[in-house]
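*Asks:* Work the whole structure out from these sequences, hints included.
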Amino acid sequence: MANQLLEVKGVDVSYGDIQVLWDVSLQVEEGTIVALVGANGAGKTTLLKTISGLLHVRKGEILFSGENLHNLKPQEIVDRGVIHVPEGRRLFASLTVKENLRLGAYIPRTRPFFAESLERVFSLFPVLKNRKDQKAGTLSGGEQQMLAIGRAVMAHPKLVMLDEPSLGLSPILVKTIFELIRTLNEQKITILLVEQNVNQALKIAHQAYVLKNGKIVMCGKGCDLLTNEEIIKAYIGERATKRKG
Amino acid sequence: MDVITQVVINGILLGTMYGIAAIGLSLIFGTMRIVFIAQGAVIVFFGYLCYWLFSLLGIDPYLSLIIVIPVALLLGTAFYYVLFKEAAALKDRIGSLLIAVGLMFFLENFMTVVWSPNPRAVVTSYGFVVFHLLGLNLTLTRLIGLLLALLATLGVFLFLNKTLIGTAVRATSEDVEASTLMGISPNRVNAVAMAIGIGLSAVAGINLATTYSFDPVYGFDIAIKALVALTIGGIGTMYGALLGGIFIGIIETMGSYYVGAGWAQAIVFAVFLLTLTLRPYGIFGRSSQKA
Numbered sequence: 001m002a003n004q005l006l007e008v009k010g011v012d013v014s015y016g017d018i019q020v021l022w023d024v025s026l027q028v029e030e031g032t033i034v035a036l037v038g039a040n041g042a043g044k045t046t047l048l049k050t051i052s053g054l055l056h057v058r059k060g061e062i063l064f065s066g067e068n069l070h071n072l073k074p075q076e077i078v079d080r081g082v083i084h085v086p087e088g089r090r091l092f093a094s095l096t097v098k099e100n101l102r103l104g105a106y107i108p109r110t111r112p113f114f115a116e117s118l119e120r121v122f123s124l125f126p127v128l129k130n131r132k133d134q135k136a137g138t139l140s141g142g143e144q145q146m147l148a149i150g151r152a153v154m155a156h157p158k159l160v161m162l163d164e165p166s167l168g169l170s171p172i173l174v175k176t177i178f179e180l181i182r183t184l185n186e187q188k189i190t191i192l193l194v195e196q197n198v199n200q201a202l203k204i205a206h207q208a209y210v211l212k213n214g215k216i217v218m219c220g221k222g223c224d225l226l227t228n229e230e231i232i233k234a235y236i237g238e239r240a241t242k243r244k245g
Numbered sequence: 246m247d248v249i250t251q252v253v254i255n256g257i258l259l260g261t262m263y264g265i266a267a268i269g270l271s272l273i274f275g276t277m278r279i280v281f282i283a284q285g286a287v288i289v290f291f292g293y294l295c296y297w298l299f300s301l302l303g304i305d306p307y308l309s310l311i312i313v314i315p316v317a318l319l320l321g322t323a324f325y326y327v328l329f330k331e332a333a334a335l336k337d338r339i340g341s342l343l344i345a346v347g348l349m350f351f352l353e354n355f356m357t358v359v360w361s362p363n364p365r366a367v368v369t370s371y372g373f374v375v376f377h378l379l380g381l382n383l384t385l386t387r388l389i390g391l392l393l394a395l396l397a398t399l400g401v402f403l404f405l406n407k408t409l410i411g412t413a414v415r416a417t418s419e420d421v422e423a424s425t426l427m428g429i430s431p432n433r434v435n436a437v438a439m440a441i442g443i444g445l446s447a448v449a450g451i452n453l454a455t456t457y458s459f460d461p462v463y464g465f466d467i468a469i470k471a472l473v474a475l476t477i478g479g480i481g482t483m484y485g486a487l488l489g490g491i492f493i494g495i496i497e498t499m500g501s502y503y504v505g506a507g508w509a510q511a512i513v514f515a516v517f518l519l520t521l522t523l524r525p526y527g528i529f530g531r532s533s534q535k536a
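Line by line, the protein sequences give chains S and R.
Once you know that position 222 of the first sequence is 222 in this note's numbering, the rest is easy, because the numbers rise by one and skip nothing.
Heads up: take any position in the second sequence, counting from 1, add 245, and you land on this note's numbering.
Hints may be right or wrong, so weigh each one.
Stated by the list, open to error - With the C-beta cut set under 7 Å, the calculated list includes, among others, these residues of chain R facing chain S: (1) Thr408; (2) Thr412; (3) Val421; (4) Ala423.
To be verified - What follows is a set of in silico ranges between Cβ atoms, one per label pair, in the way DEER data are often shown: (5) S:Gln187 <-> R:Thr522: 49 to 57 Å; (6) R:Leu396 <-> S:Gly41: 49 to 57 Å; (7) S:Gln187 <-> R:Leu392: 50 to 58 Å; (8) R:Asp305 <-> S:Ser65: 55 to 63 Å.
Treat the hints as calculated values from the structure; they're not laboratory data.
Predicted model, so just to flag it, every value in this text is computed and none were measured.
Just so you know, even glycine gets a beta-carbon here, dropped at the ideal spot from N, CA and C.
*Replies:* Below you can see the structure in the form of structure tokens.
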């Protein structure tokens with residue numbers, strides 16, 4: 001069996017009394033891109049928040065390189081190299097681009113490589129270098145997404161979890177972002193990608209999972225799901241109307 | 246001599262004390278999302294500490310800062326880890342707020358027992374030195390107070406902008422969840438913010454002790470004025486908090502000179518209400534909602 005970097009096993013998660021995830025299991029093989037797709041409110045973001053330690057597991061376990069993550073604090077999970085780029089980018093708008101990147105390398109393990117990581121980010125996104133002293137809030141939507149991903153790269157990640165990276169971007173920028181995800185993957189970063197842009201996500205994903213009402217209802221190779229009629233009907237056909245602002 | 250100028254200058258000197266208290270409130274509010282109502286009681290506590298060091302050990306109030314500031318930073322850290330850590334982890338802020346209220350009443354009563362309810366003041370040999378400049382009367386201790394307040398503000402500004410943990414404090418004030426995802430521990434930044442808040446209280450306390458007489462319950466008044474300063478200046482900007490404090494100081498001294506001491510307080514709070522009604526985020530402040 002291939003080397004599983006992340007294993008989610010039978011996880012239940014609740015917000016107070018309301019259960020959001022039911023017996024969710026998925027595997028992310030090292031070096032791959034895994035897509036997690038599904039409608040709004042299916043629990044995709046909840047799953048990412050649970051993996052990064054913002055939410056607690058009620059039942060089941062989450063293993064990263066064989067180590068149990070679900071009892072660790074968020075900062076310990078970041079320290080393991082699991083980096084979550086949240087939905088809506090969540091940059092620190094009043095901080096400069098460089099300060100945002102500096103906080104990406106906040107964990108002591110990553111600080112010695114700060115200059116090196118910064119060069120890596122600037123070579124991936126030359127536009128950020130020109131804007132390094134600008135406040136993050138003044139960047140365009142595409143630049144903000146680049147900064148959000150750049151901030152994750154600063155942390156020397158093993159696994160990057162991207163929540164809706166294409167949200168609110170123009171079609172050309174969406175294409176750029178997806179190319180970039182592939183570039184990151186070629187640089188040996190494993191990717192867990194949550195997307196409502198199902199078509200694009202399945203195209204670049206090695207493996208994909210479909211989440212519906214808090215349960216995994218389908219999984220398979222990205223290219224296989226792309227031609228699955230149920231998927232086309234449920235997600236791809238109405239993509240244009242489903243996407244929000 | 247120009248009376249208005251003199252009154253305004255006295256207001257500025259008084260207002261910087263509210264201003265640095267407001268900066269402390271702003272930092273603590275930024276990370277912990279509570280109004281640290283005990284701030285004024287802590288300022289008075291440091292006033293008494295300064296008074297004790299001066300009257301029992303003969304240590305000059307300004308020299309005592311060398312000891313008092315490190316003590317304040319440690320005390321602030323201890324306050325957080327001992328009193329607030331558990332409550333701060335909850336989503337509901339009311340627990341943390343009640344702890345701050347409890348701390349305020351504890352300190353007030355503690356100080357009443359230890360130092361009696363009678364007013365105290367630190368009277369130094371240079372306390373009555375007054376400069377006459379361009380027809381204005383400038384008291385030496387108030388000038389030193391202004392200088393200390395500005396230095397403390399500059400120090401905090403540099404800390405927040407030039408150090409990694411300072412940058413983390415600013416980031417957390419903007420978005421706690423996003424900063425947690427950077428691996429920033431909320432406890433760490435909360436403790437740092439509280440340490441700085443208490444450190445600023447120490448500076449304000451020494452300014453208080455050297456320029457005014459004070460009693461154990463005087464702190465509540467300072468805390469409320471600092472809150473007003475923060476509201477007018479806008480939560481989230483340091484210069485706004487400082488300017489807000491100076492503004493309150495000027496209104497207070499002008500009110501008591503032209504209308505009467507009793508009215509001065511009423512006017513300060515009338516301005517507070519007016520600001521909140523017209524500009525809920527303050528005059529200089531950014532909206533607390535995200536762009």
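*Asks:* Could you check if R:Ala423 really has its C-beta closer than 7 Å to a C-beta on chain S?
*Replies:* holds (4 Å)
*Asks:* Is it true that S:Gln187 and R:Leu392 lie within 50 to 58 Å of each other by Cβ?
*Replies:* holds (53 Å)
*Asks:* Could you tell me whether the CB distance from R:Asp305 to S:Ser65 stays inside 55 to 63 Å?
*Replies:* For R:Asp305 and S:Ser65 the Cβ distance comes to about 59 Å; the hint holds.
*Asks:* Quick check: does the Cβ-Cβ distance between R:Leu396 and S:Gly41 fall within 49 to 57 Å?
*Replies:* holds (53 Å)
*Asks:* Would the stated hint for R:Thr408 survive a check requiring a Cβ distance to chain S of less than 7 Å?
*Replies:* Check failed: Cβ of R:Thr408 comes no nearer than 10 Å to chain S, outside 7 Å.
*Asks:* R:Thr412 was flagged as interface toward chain S. Is the shortest Cβ-Cβ separation under 7 Å?
*Replies:* With a minimum Cβ separation of about 5 Å from chain S (threshold 7 Å), the hint on R:Thr412 holds.
*Asks:* May I ask you to test the interface hint for R:Val421 with respect to chain S, counting a Cβ-Cβ separation under 7 Å as satisfied?
*Replies:* violated (10 Å)
*Asks:* Is the gap between the beta carbons of S:Gln187 and R:Thr522 within 49 to 57 Å?
*Replies:* holds (55 Å)
Checked against the numbered hints above, the structure violates hints 1, 3; every other hint is satisfied.
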